[in-house]
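Trainee: Everything in the sequence shown is counted per the working numbering, starting at 1 for the first residue and increasing by one.
Just so you know, the hints here were simulated from the structure itself, not pulled from any lab data.
Hints may be right or wrong, so weigh each one.
To be verified - Listed next, with one range per pair, are the computed distances between beta-carbon atoms:
#	residue 1	residue 2	range
1	102	129	14 to 24 Å
2	129	208	35 to 45 Å
3	169	206	35 to 45 Å
C-beta: ideal position from N, C-alpha, C; glycine also.
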Amino acid sequence: PSGDQTSQFSSAGVVVRRVRAPLSVSCTQRSRVPADASRRQLLSGTTGVWPVSWSPDGQYLLVVTDHPVTGNDIWTLPLDTTREPAALLRTRAAENWATFSPDGRWIAFSASTTGRSEVYVMRFPDTGRRWAISTGGGSAARWRRDGRELYFIAPDRSLMAAAVTLGQDDVTAEAPVPLFETRFPYPPYHSFDVAPDGERFLVNTTVVSPRAPAVVARR
């Protein structure tokens with residue numbers, strides 16, 4: 001429908017949309033949309049809210065909110081509406097780009113705790129520990145389907161890869177390596193995705209048309 005933005009599809013086929021009312025950029029809603037196209041509101045508010053990642057079991061949705069004091073925060077939104085949304089990461093740092101691991105036990109996210117955006121991994125449910133993945137800045141992380149590698153965007157817009165080992169309660173990460181440069185047409189708000197095997201990438205990129213050759217007349 002008109003005004004819908006930022007859709008997220010769960011493995012069960014549930015669609016959650018960010019809805020913006022006409023002429024009101026601050027009005028947001030969350031709706032569950034079953035096959036009969038009826039809607040049920042899950043969350044509403046006067047600040048920005050963006051759905052970013054479903055848990056593999058389809059029971060939780062990660063959303064990023066925009067708060068006037070704490071900036072971007074990350075919340076968990078249970079699909080069961082008898083349960084309340086809960087703040088997962090809410091500090092004065094900007095937390096963003098959260099995504100569940102393929103097994104649903106971990107969340108990769110970015111945070112500006114150090115003064116610049118870096119990629120981290122945390123346990124879900126949260127145990128309070130954080131593991132740094134990027135070393136020179138990073139955002140917009142994506143998991144490989146087997147959970148053994150994370151991809152993210154460096155400050156120079158290079159697409160980086162970091163091998164990770166997920167233990168029962170800890171994470172080991174190798175130094176990130178650059179894969180290739182990107183040319184996003186705007187800030188990289190999830191402007192890429194990775195194939196399950198990690199061998200191919202879908203990238204929203206700017207295509208630069210070749211210039212016509214210059215013709216110089218000599219007398």
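Trainee: Which numbered hints does this structure break?
Mentor: none
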